[in-house]
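Q: Here are the chains, one letter per residue:
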Amino acid sequence: MELICLGHFVLSHNPEVWILGELMLNCSWGGVGGDSIHRIHPALECHSLVVSLSSFLLRFNYRSTHHLTSNGFYEFLNWFDERAWYPLGRIVGGTVYPGLMVTAGLIHYVLNLLHMTVHIRDVCVFLAPIFSGLTAISTFLLTRELWNQGAGLLAACFIAIVPGYISRSVAGSFDNEGIAIFALQFTYYLWVKSVKTGSVFWTIGCCLSYFYMVSAWGGYVFIINLIPLHVFVLLLMQRYSRRVYIAYSTFYIVGLVLSMQIPFVGFQPIRTSEHMAAAGVFALLQAYAFLQYLKDRLTKQEFQTLFFLGVSLAAGVVFLTVIYLTYTGKFSLSLMRYLCPPPRYAKIHIPIIASVSEHQPTTWVSFFFDLHILVCTFPAGLWFCIKNINDERVFVALYAISAVYFAGVMVRLMLTLTPVVCMLSAIAFSSVFEHYLGDDQKKDKEGLGPNIKSIVTMLMLMLLMMFAVHCTWVTSNAYSSPSVVLASYNHDGSRNILDDFREAYYWLRQNTDEHARVMSWWDYGYQIAGMANRTTLVDNNTWNNSHIALVGKAMSSNESAAYQIMQSLDVDYVLIIFGGVIGYSGDDINKFLWMVRIAEGEHPKDIRESDYFTPQGEFRVDKAGSPTLLNCLMYKMSYYRFGEMQLDFRTPPGFDRTRNAEIGNKDIKFKHLEEAFTSEHWLVRIYKVKNEGSSRTSSFLRKARS
Amino acid sequence: MKRHRFDIGSLVNEEVKRTVDLSTHLAKITTEVLLSNPGRSTVNSFVVALEPELAPHLAFIGASGQEEKDGSLELKETSLKGQSGKFFEVQLLSGLAGGSKLRLQVETVLSHVLRPFPTHITQAERQLVVFQGNHYLYSPYLTTSQTTRVRLASKNVESYTKLGNPSKSDEIIEFGPFQDIPPFSQDPMKIHYENNSPFLTISSITRTIEVSHWGNIAVEETIDLRHTGAFLKGPFSRYDYQRQSDSGISSIKSFKTILPASAQDVYYRDEIGNISTSHLLVLEDAVEVEVRPRFPLFGGWKTHYIIGYNLPSYEYLYTLGDQYALKMRLVDHVYDDQVIDHLTVKIILPEGARNIHLDTPYQIDREPDQLHYTYLDTFGRPVLVATKSNLVEQHIQDVVIHYTFNKILMLQEPLLVVGAFYIMFFTVIIYVRLDFSITKDPAAEVRMKVASITEQVLTLVNKRLGLYRHMNDVVNRYKQSRDTGALNGGRKTMEAEHRTLTNDISSLQARLKVEGSDLADKVAEVQKLDSQVKELVCRSCQEAERLVAGKVKKEAYIENEKSLASKRQELINRIDSLLDAL
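Protein chains in written order, with the numbering used here: chain A, 1 to 706; chain B, 1 to 582.
The set of hints was computed from the structure by calculation and includes no laboratory data. Mixed in with the good hints there might be a few duds.
Stated by the list, open to error - 25 angstroms max Cα-Cα, derived BS3-like pairs, lysine-lysine:
#	chain 1	residue 1	chain 2	residue 2
1	A	Lys636	B	Lys233
2	B	Lys17	B	Lys233
3	B	Lys327	B	Lys302
4	B	Lys302	A	Lys690
5	B	Lys388	B	Lys327
6	B	Lys449	B	Lys346
7	A	Lys636	A	Lys666
8	B	Lys440	A	Lys196
9	A	Lys193	B	Lys233
10	B	Lys463	B	Lys346
11	B	Lys449	A	Lys669
12	B	Lys388	B	Lys407
13	B	Lys522	A	Lys690
14	B	Lys155	B	Lys101
15	A	Lys453	A	Lys196
16	B	Lys233	A	Lys671
The model shown is predicted, which means the values in this text are computed figures rather than measured ones.
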């Protein structure tokens with residue numbers, strides 16, 4: 001699983017430095033129709049549109065796309081990235097969902113074929129807004145199928161501005177989700193269409209769209225579980241029909257074959273438990289259809305006997321097969337992962353998943369923040385759907401219920417909830433408007449005088465207006481900031497740009513050996529690979545927990561122990577983020593406990609979390625802090641020479657603005673490291689590992705050779 | 001480069017004044033010579049020489065006569081037999097007659113000749129450099145008297161050679177005067193001194209000039225910068241750099257680039273995006289960019305960036321009919337006292353430019369032309385590529401490119417766009433107008449069939465109603481003319497036409513029934529109503545006959561006629577409403 005976010009993402013509490021987000025000063029955009037405007041906000045704000053955008057890119061995706069366009073598709077599939085996960089390397093071609101890169105590469109190729117010399121960077125930057133437009137269209141189509149045209153238009157308007165989706169589709173957010181939501185909605189539209197018509201044509205279209213989704217995002221699992229669930233519920237509701245049979249049988253077979261064409265997915269669809277529901281429903285549907293067939297030809301008595309026999313036989317066979325396969329390890333029964341809220345599961349099993357803020361359970365605040373009024377109205381839409389139920393409304397009801405569950409489990413899955421909320425809210429609003437804005441032809445309705453009608457209409461319009469205002473505000477304030485450029489405001493309101501990340505990354509790119517290996521916490525792996533173009537040890541693709549734990553161990557050990565680890569890993573430079581000077585709270589010291597925990601998970605003998613706390617159980621960096629913390633590598637690197645620095649006259653030298661404490665260890669000396677670079681605001685500090693051995697052949701490589 | 005052998009002749013250097021400016025990272029040597037011709041014959045040229053040790057560092061050499069009006073003289077590289085070093089033949093505008101004298105000035109700029117020593121310094125240390133040159137003027141001629149003045153970057157001098165007991169005051173060391181120096185004399189001069197001036201070198205620059213005839217010239221420079229002073233040894237401490245003003249004194253924080261006054265849309269970026277640490281100042285005669293690299297440059301550090309801007313073409317592009325001439329700087333200012341190790345200039349001319357001819361102010365290596373494709377190009381734009389090494393500020397000169405361009409070609413791109421849209425709309429038209437489906441939808445077909453039948457029914461029914469109106473007229477006319485024949489004739493034709501129409505409608509009704517449409521019932525109802533209408537019409541006809549025959553009274557007739565008309569109108573209304581529902 002790709003953990004794409006920048007990691008622990010906490011807003012700054014320092015009043016002087018408003019980190020993140022405040023790049024919009026004068027956003028006076030209003031109205032519902034501002035889809036594209038909203039999304040290009042961040043791009044417009046910086047002086048030069050295209051130039052500044054590249055900093056927003058998710059660096060790894062951009063790098064892979066670049067690789068794809070410069071080396072071709074087959075080379076991309078075979079790409080072994082030796083610059084990541086040193087010394088292991090990473091097989092990129094087989095471990096990414098290539099849909100995003102292929103889409104961008106294809107657009108780039110077509111444009112260049114027409115001599116439109118657009119740089120691949122610009123294609124990447126504007127891909128997400130383009131696809132959000134397509135999402136709006138497919139949401140319209142889906143809602144039209146479910147309800148009517150009016151609701152469809154409303155739904156398209158909602159999805160165009162809802163913050164929960166804008167967060168993933170602003171210009172420059174070159175991310176799988178950006179195109180995946182389009183693929184998701186379009187697949188669902190085609191599925192509903194094929195269930196309605198029972199036509200193989202629509203079902204094949206659905207399969208192709210599903211194939212695109214599989215190639216784009218791991219969230220395709222949602223589709224391959226939701227559609228069988230739909231079919232299953234239809235069977236339970238006695239809504240079986242020829243149309244369902246044709247649609248699902250075609251979809252399952254063709255979709256299965258297509259999805260297995262993606263190298264990263266491979267044989268998973270027939271092996272792993274998350275795909276088994278689809279297979280089971282497929283078998284069930286066949287059996288059901290067969291029974292229906294028999295029913296016409298047998299007497300009731302014969303039929304019952306046969307039914308009983310058949311069911312028990314089938315159940316036995318399935319049960320034994322599952323037992324056998326699980327026993328022989330051919331497939332893993334990992335349903336736990338999906339049913340149990342991950343943080344709870346992961347806190348026990350993998351701290352690394354729990355350490356990402358995106359994987360936390362969603363709070364009510366963020367529901368409201370991302371969906372605003374829609375979160376209140378969508379149950380009404382759901383009720384309307386259930387009240388006038390038909391085949392496709394069963395589907396949307398299931399979609400809504402499952403998406404709500406998943407969104408509650410993890411902040412990140414809010415994204416899958418957003419479209420269905422838009423659709424159902426649109427249905428709710430549309431029904432209300434139909435009721436209260438309709439002509440007075442039907443005079444039989446009691447108590448609906450023109451006054452009540454206009455009051456209700458006004459209220460509804462007010463709600464929608466507030467929704468639009470909220471969306472504009474959220475977009476401009478929270479989702480438009482590039483994560484690598486920070487801005488602060490002086491007392492007179494003038495703006496400072498803190499470009500420390502890029503300063504340091506560019507220094508690495510220009511002034512270190514081309515093959516230098518940089519150790520940092522995994523959050524910065526993609527950024528280092530992309531912007532500094534240097535080899536990293538761990539990165540945001542957190543596939544190897546023990547490697548990350550080794551880095552965590554090096555960071556949390558004392559210098560000599562860390563030096564041994566770093567020597568064995570051939571580390572040349574160590575990069576850390578330190579926010580103590582400007583009060584940036586997302587720095588490495590604040591994440592440090594996670595490093596300790598992850599390291600402890602793999603090396604419980606050497607690292608113990610309790611050593612880093614005071615006897616009172618506090619995590620403090622001042623004099624009262626635990627000596628283990630005050631002498632560990634991360635602490636020393638963060639505060640090296642910081643003890644001499646007096647930031648202002650009210651505070652003593654070495655006063656950490658992020659943690660509001662005077663540091664406890666001001667006399668820091670290094671034996672094996674030296675400061676190589678520190679950015680202007682000390683945000684990024686890079687240390688060089690001194691090379692004491694004469695030959696630079698690592699023990700790791702030596703071991704590998706022998 | 002063509003070298004030719006040259007006879008040096010016999011000239012004498014009198015009163016040589018050399019100034020060696022070592023205050024920057026360049027060595028700028030200015031030599032003022034009073035050249036005399038002791039012989040009898042007129043001399044048209046003389047030779048300037050450069051020491052073999054310094055020759056590889058030569059970036060620029062130029063000579064100018066003080067008496068000459070325009071100043072600079074033409075130089076041509078040459079070689080002398082048995083002598084090493086570099087030699088240039090300088091053409092005098094008017095020959096130097098025997099016994100006459102001429103005052104001349106030779107300017108030489110040498111790059112990378114100041115060697116940092118020690119080669120590695122820490123952040124706190126100052127940068128010391130060594131200059132190794134010649135005390136004497138290296139010349140193929142006898143020098144009768146010479147002084148040398150060396151200007152340094154600072155007062156701090158570690159050591160210097162003491163030939164002829166030079167005098168030193170502050171940053172200046174004066175050597176000489178030396179008398180009667182034979183040709184090609186060399187005596188090593190070595191000065192070791194402190195020089196913290198920015199040792200900034202452009203290791204490579206690619207300057208792309210893209211000309212558009214639509215009024216714009218886009219210039220983009222991709223620059224690789226390197227600090228070529230003493231290497232930074234040991235750590236770089238941001239704390240010291242921020243707190244102590246003399247820490248990292250030889251490092252480079254920022255510099256100024258001067259762009260043409262008409263430069264617009266200036267951008268400054270690198271591979272990872274816009275560089276936010278720069279300032280733009282628009283002056284009256286120039287645009288000044290304060291270029292601040294992302295990080296300060298210490299010894300040995302390098303950086304890379306791209307700077308670009310647009311210029312209006314009317315300032316640089318001259319035209320006469322189909323002839324065009326572009327006059328632009330081959331290389332432009334990047335920073336003061338700049339050194340460019342390697343320059344590549346790419347000039348992209350508009351698509352269709354022919355007969356391209358390049359006039360350069362100095363020797364430059366042309367590389368094979370390329371083709372460049374950008375928006376709406378079909379056969380590519382010609383790109384001139386030229387390279388040159390070791391350039392300094394003195395090389396900021398204009399280059400002229402002549403080419404011919406047929407103005408009709410300007411229409412090509414708009415026509416291309418128009419054509420593309422035309423094809424697109426045409427395709428849409430074809431797609432919409434024609435039926436490409438390979439299957440037949442029976443339901444839709446039936447619907448269409450029914451629609452066409454109802455259309456026919458409508459026209460027929462209306463026609464039939466028209467007949468009644470016509471009959472009415474006939475009856476009215478009959479009442480005045482009392483012409484029974486006309487009435488009977490009218491009645492007959494009406495009957496006949498009515499029969500055919502009714503039959504047609506019935507057949508259509510049958511077809512509707514076949515298609516399974518419920519409209520057939522409505523048509524049947526229309527038919528039924530119609531027969532009633534017809535009856536009424538017949539009756540009114542008879543009534544009229546009876547009136548004319550005098551069988552009824554006029555009042556009774558009018559009464560009767562009124563009720564008949566209202567009945568008929570009612571029926572017709574019902575038919576109309578039925579027709580509307582069809």
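Q: Taking the hints in turn, state whether each one holds.
A: Status of each hint after checking the structure:
Taking the CA atoms of Lys636/A and Lys233/B, the gap is about 22 angstroms. The hint holds against a cut of 25 angstroms. Restraint check for Lys17/B and Lys233/B: the C-alpha separation of about 40 angstroms exceeds 25 angstroms, so the hint is violated. The straight-line distance between the Cα atoms of Lys327/B and Lys302/B is roughly 32 angstroms, outside the 25 angstroms bound, and the hint therefore fails. The straight-line distance between the Cα atoms of Lys302/B and Lys690/A is roughly 22 angstroms, inside the 25 angstroms bound, and the hint therefore holds.
Simply put, Lys388/B and Lys327/B have alpha-carbon atoms about 19 angstroms apart, close enough for the 25 angstroms limit, and the pair holds. With a CA separation close to 69 angstroms, the supplied pair Lys449/B and Lys346/B exceeds the 25 angstroms bound. Among the hinted pairs, Lys636/A with Lys666/A is consistent with the structure: their alpha-carbon atoms are about 9 angstroms apart, no more than 25 angstroms. For a cut-off of 25 angstroms, the pair hint linking Lys440/B to Lys196/A stands: about 20 angstroms separates their Cα positions.
Between the alpha carbons of Lys193/A and Lys233/B the distance comes to roughly 70 angstroms, so the proposed pair goes past 25 angstroms and is violated. A hinted pair counts as satisfied when its Cα atoms are at most 25 angstroms apart, and Lys463/B with Lys346/B does not qualify at roughly 81 angstroms. Distance check on the hinted pair: Lys449/B and Lys669/A sit about 94 angstroms apart at the alpha-carbon level, beyond 25 angstroms; violated. As the CA atoms of Lys388/B and Lys407/B are separated by approximately 33 angstroms, the hinted pair breaks the 25 angstroms bound.
Taking the CA atoms of Lys522/B and Lys690/A, the gap is about 99 angstroms. The hint is violated against a cut of 25 angstroms. Taken as a hint, the Lys155/B and Lys101/B pair is broken in the structure, with Cα atoms around 38 angstroms apart against an allowance of 25 angstroms. A hinted pair counts as satisfied when its Cα atoms are at most 25 angstroms apart, and Lys453/A with Lys196/A does not qualify at roughly 35 angstroms. Of the supplied pair hints, the one linking Lys233/B and Lys671/A holds, its CA atoms being roughly 17 angstroms apart against a limit of 25 angstroms.
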